[in-house]
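Residues per chain, in single letters:
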Amino acid sequence: MIETPAVLTPALIQEMDEAMQRYGYEPSKLLEILLDIQKAVPRKYIPKAAAYYVAEKMHLKITQVYDVISFFSALHETPRAKYPIQVCSSVVCKVNHNCFVLDTLKDVLNIGLNEVTYDGRFTLEEVPCFGACDKAPAIRIHDVVYGPLTTRQQIIQIVQRLAEE
Amino acid sequence: MANTVSFMTRNFGKYNPSSLDSYEQIGGFSALRKALSMTGEQIADCLAACAVKGRGGAGYDMGKKWRQAREVNQPRKVVICNADEGEPATFKDRTLMENDPFRLIEAMIIAGYSVGAQDGYLYLREEYSHLRPLFQNAIWQVREKGYLGENILGKTGFSYDVHLYSGAGAYVCGEGTALVESMEGKSGRPRMKPPFIKQCGLFHLPTCVNNVESLCLVPSILLDDKKEYLSYGTQNSVGTKMISVAGNVRNPGAFEIPFGVKVRDIIFDLAGGVKNNHEIQLIQFGGASGKIARPEDVLDIPYTYEDLTAAGVGVGSGAILVIDKRTSVLDFLLATQEFFFHESCGQCTPCREGNTQMKLLLEKVMAGMHTGEDLQNMKKIIMIMKNASLCGLGETAQNALSCAMDLFPECFAVKTEGN
Ligand SMILES: Cc1cc2nc3c(=O)[nH]c(=O)nc-3n(C[C@H](O)[C@H](O)[C@H](O)COP(=O)(O)O)c2cc1C
Ligand code: SF4
Ligand code: FES
Numbered sequence: 001m002i003e004t005p006a007v008l009t010p011a012l013i014q015e016m017d018e019a020m021q022r023y024g025y026e027p028s029k030l031l032e033i034l035l036d037i038q039k040a041v042p043r044k045y046i047p048k049a050a051a052y053y054v055a056e057k058m059h060l061k062i063t064q065v066y067d068v069i070s071f072f073s074a075l076h077e078t079p080r081a082k083y084p085i086q087v088c089s090s091v092v093c094k095v096n097h098n099c100f101v102l103d104t105l106k107d108v109l110n111i112g113l114n115e116v117t118y119d120g121r122f123t124l125e126e127v128p129c130f131g132a133c134d135k136a137p138a139i140r141i142h143d144v145v146y147g148p149l150t151t152r153q154q155i156i157q158i159v160q161r162l163a164e165e
Numbered sequence: 001m002a003n004t005v006s007f008m009t010r011n012f013g014k015y016n017p018s019s020l021d022s023y024e025q026i027g028g029f030s031a032l033r034k035a036l037s038m039t040g041e042q043i044a045d046c047l048a049a050c051a052v053k054g055r056g057g058a059g060y061d062m063g064k065k066w067r068q069a070r071e072v073n074q075p076r077k078v079v080i081c082n083a084d085e086g087e088p089a090t091f092k093d094r095t096l097m098e099n100d101p102f103r104l105i106e107a108m109i110i111a112g113y114s115v116g117a118q119d120g121y122l123y124l125r126e127e128y129s130h131l132r133p134l135f136q137n138a139i140w141q142v143r144e145k146g147y148l149g150e151n152i153l154g155k156t157g158f159s160y161d162v163h164l165y166s167g168a169g170a171y172v173c174g175e176g177t178a179l180v181e182s183m184e185g186k187s188g189r190p191r192m193k194p195p196f197i198k199q200c201g202l203f204h205l206p207t208c209v210n211n212v213e214s215l216c217l218v219p220s221i222l223l224d225d226k227k228e229y230l231s232y233g234t235q236n237s238v239g240t241k242m243i244s245v246a247g248n249v250r251n252p253g254a255f256e257i258p259f260g261v262k263v264r265d266i267i268f269d270l271a272g273g274v275k276n277n278h279e280i281q282l283i284q285f286g287g288a289s290g291k292i293a294r295p296e297d298v299l300d301i302p303y304t305y306e307d308l309t310a311a312g313v314g315v316g317s318g319a320i321l322v323i324d325k326r327t328s329v330l331d332f333l334l335a336t337q338e339f340f341f342h343e344s345c346g347q348c349t350p351c352r353e354g355n356t357q358m359k360l361l362l363e364k365v366m367a368g369m370h371t372g373e374d375l376q377n378m379k380k381i382i383m384i385m386k387n388a389s390l391c392g393l394g395e396t397a398q399n400a401l402s403c404a405m406d407l408f409p410e411c412f413a414v415k416t417e418g419n
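Those sequence lines, one after another, are chains A and B.
Its first residue numbered 1, the first sequence is counted upward by one per residue in this note's numbering.
Its first residue numbered 1, the second sequence is counted upward by one per residue in this note's numbering.
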């Protein structure tokens, strides 16, 4: 995927400064800070320039910042989408036909796994169990879990609601 | 015997989880008041008397842990609540936190008082980010009310605060030293032990880590004048337990049961039985790192530490995963193997290479292309991973596969000749 140019907008710089201030520039809060920054970036990832900015402002080595970004699967180095749709790939969802959910989403959005819709609104990701096994098969979009998803209609409704937002 | 009880879940639905006032109206923070009238030692003794075993999976004696933490002779100590709940099929901690967040905060304060800590940290997995506002709000209200801060409830010298931390999607961070690494702003790779975190953990301070459920038991136990807790369970498995039942069942959910309920009653009564009355293929206990059993070997045993161990499985994370016969044993194993392949931190060779090779070998078995030598290699890798991995992830990753090779040898029958 190609990195979008000119990512360090004044708005993002302000978001980053606020995120670091919120946690008092505390190095032990690096994860929270990066998660908050990722949330503020329209395509929900940590642009390279943002990682460098955080390292500089927090007096951390860039290697430490990237060690953290690359280690944790909730942090992303490449552009995603406004709404990353995370489909659980773990065992409970698997035995409850998560393949139906994934296939339907691919069909409805007309994209494959880890691809992004042309408008940058949706991407499809597979993730391990997020603890919603009582709602299997489940998907997660930001802080919201949807499940159990057993009909095409349910899935279309979720996508449509977000497409209109 | 009733199949469910409300001991640590007694507040569910009884108060508004966003309001400290409403928690206090149903008796919230009376356990802290009681605790502050006792010594830290007496509190640990109380847990020891109830034989509470840690509920995060390892089952360490909780009273002993608190006593040891207390005895560490250092001026600054920390308490961590492990809310990383990452074992697939496990969601009992989520259920406790969603329904009764103030109980957990109260318990963390009691823990701090008992072991002599100044700070408590709640490490909440990123996947539970929907609970962050609930806890931010709860901690703020509790601080405003003076249950956190200096000289809490007039107890001179007891100053304590609670801080919320987030994970970021790494199962291994549930392991104590990895959790601490991640809280220090680093990647979550487990540390070499010793030093153990009880002596040198977060920010080099003595650290006492407990699971959400372990902590949630504490307020109820402290207020249990009538010894209700001791009336539940069996001689070797005292009290009640949160379990989560999932898979091909009609009514998946988290339940508080007294130890000793029959596995059959858990699956067929509490969880409503298997969907469409399919036959059960296998049952996994304790999450992806747990062992598996054939239904005929476990359905009629009581859910206790001792009976599960005797049947070759264990309590672990408290999850019970029911898989019916529409999923093959090998498909199930591959899903489990893919999980560990994805989650291994890659730091030590047995686990990194072991999980990679086991995935390839399993795929070979599924294709019917494996030889007798492949099976020998699988057994060898299982043994090496179990004995030479740096942390519990590598040690337990092959539990299910290892059981399956014994229980379902037909799935591993060699179909090709040669090497
Ligand atoms: C790979 C791995 C993952 C773990 N994940 C968790 C977890 O998500 N939650 C938890 O409470 N304990 C987890 N544990 C166990 C903890 O290391 C620790 O034993 C536990 O939090 C101690 O609390 P307890 O004594 O109250 O059970 C994990 C252990 C390992 C090796
Ligand atoms: S056993 Fe696995 S998860 Fe644990 S330290 Fe080694 S590689 Fe990392
Ligand atoms: S297995 Fe899908 S949410 Fe747990």
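What the hints contain is simulated information worked out from the structure, not anything from laboratory work.
Just so you know, not all the hints are guaranteed correct.
[To be verified] Lysine-lysine pairs mimicking DSS-like chemistry, simulated, CA-CA at most 25 angstroms apart:
(1) K57(A) <-> K364(B)
(2) K325(B) <-> K48(A)
(3) K359(B) <-> K39(A)
(4) K325(B) <-> K380(B)
(5) K34(B) <-> K186(B)
(6) K44(A) <-> K57(A)
(7) K325(B) <-> K359(B)
(8) K155(B) <-> K186(B)
(9) K186(B) <-> K64(B)
(10) K415(B) <-> K386(B)
(11) K227(B) <-> K198(B)
(12) K44(A) <-> K186(B)
(13) K34(B) <-> K61(A)
(14) K48(A) <-> K106(A)
(15) K14(B) <-> K145(B)
[Claimed, not checked] One-sided excerpt, in silico: chain B residues whose CB lies under 7 angstroms from chain A:
(16) P88
(17) G253
(18) I301
[What the hints assert, rightly or not] Reference excerpt, derived from the structure (chain A facing chain B, CB under 10 angstroms, subset only):
(19) I62
(20) E77
(21) T78
Computed from a predicted structure; not experimentally measured.
Built from N, CA and C at the ideal position, the CB exists for glycine as well.
Evaluation of the provided hints:
1. The straight-line distance between the Cα atoms of K57(A) and K364(B) is roughly 50 angstroms, outside the 25 angstroms bound, and the hint therefore fails.
2. Among the hinted pairs, K325(B) with K48(A) is inconsistent with the structure: their alpha-carbon atoms are about 48 angstroms apart, more than 25 angstroms.
3. With a C-alpha separation of about 34 angstroms, the suggested pairing of K359(B) with K39(A) is violated against the 25 angstroms cut-off.
4. Of the supplied pair hints, the one linking K325(B) and K380(B) is violated, its CA atoms being roughly 29 angstroms apart against a limit of 25 angstroms.
5. For the proposed pair K34(B) and K186(B), the alpha carbon gap of about 39 angstroms is over 25 angstroms, so the pair is violated.
6. Distance hint between K44(A) and K57(A) is fulfilled; the C-alpha atoms sit about 21 angstroms from each other, no more than 25 angstroms.
7. Between K325(B) and K359(B) the alpha-carbon distance is near 22 angstroms, which keeps this suggested pair within the 25 angstroms criterion.
8. The suggested pairing of K155(B) with K186(B) is violated, with an alpha-carbon distance near 36 angstroms, which exceeds 25 angstroms.
9. Taking the CA atoms of K186(B) and K64(B), the gap is about 30 angstroms. The hint is violated against a cut of 25 angstroms.
10. In summary, the hint linking K415(B) to K386(B) is not supported, as the alpha carbons are separated by about 28 angstroms, beyond the 25 angstroms threshold.
11. Taking the CA atoms of K227(B) and K198(B), the gap is near 30 angstroms; set against the 25 angstroms cutoff, the hint is violated.
12. A distance of roughly 21 angstroms separates the Cα atoms of K44(A) and K186(B); the hinted pair therefore holds under the 25 angstroms criterion.
13. Only pairs whose Cα atoms come within 25 angstroms are accepted, and K34(B) paired with K61(A) is rejected, the gap being roughly 47 angstroms.
14. Straight-line distance between C-alpha atoms of K48(A) and K106(A) comes to about 29 angstroms, which puts the hinted pair past the 25 angstroms bound.
15. Taking the CA atoms of K14(B) and K145(B), the gap is about 21 angstroms. The hint holds against a cut of 25 angstroms.
16. Against a cut-off of 7 angstroms between C-beta atoms, the interface hint on P88(B) holds, since the closest Cβ of chain A lies about 4 angstroms away.
17. Satisfaction of the interface hint for G253(B) is found here, the shortest Cβ-Cβ separation to chain A being roughly 5 angstroms, below the 7 angstroms cut-off.
18. Below 7 angstroms, beta-carbon pairs count as interface contacts, and I301(B) has none with chain A, the closest being about 23 angstroms; its hint is therefore violated.
19. Hint status for I62(A) relative to chain B: violated, with the closest Cβ pair at about 14 angstroms, above 10 angstroms.
20. Annotation: E77(A) was flagged as interfacial toward chain B, and the flag is violated, the nearest CB pair being 13 angstroms apart, outside 10 angstroms.
21. Because the beta carbon of T78(A) sits about 16 angstroms from the nearest beta carbon in chain B, more than 10 angstroms, this interface hint is broken.
Hints 1, 2, 3, 4, 5, 8, 9, 10, 11, 13, 14, 18, 19, 20, 21 from the earlier list are contradicted by this structure; the remaining hints agree with it.
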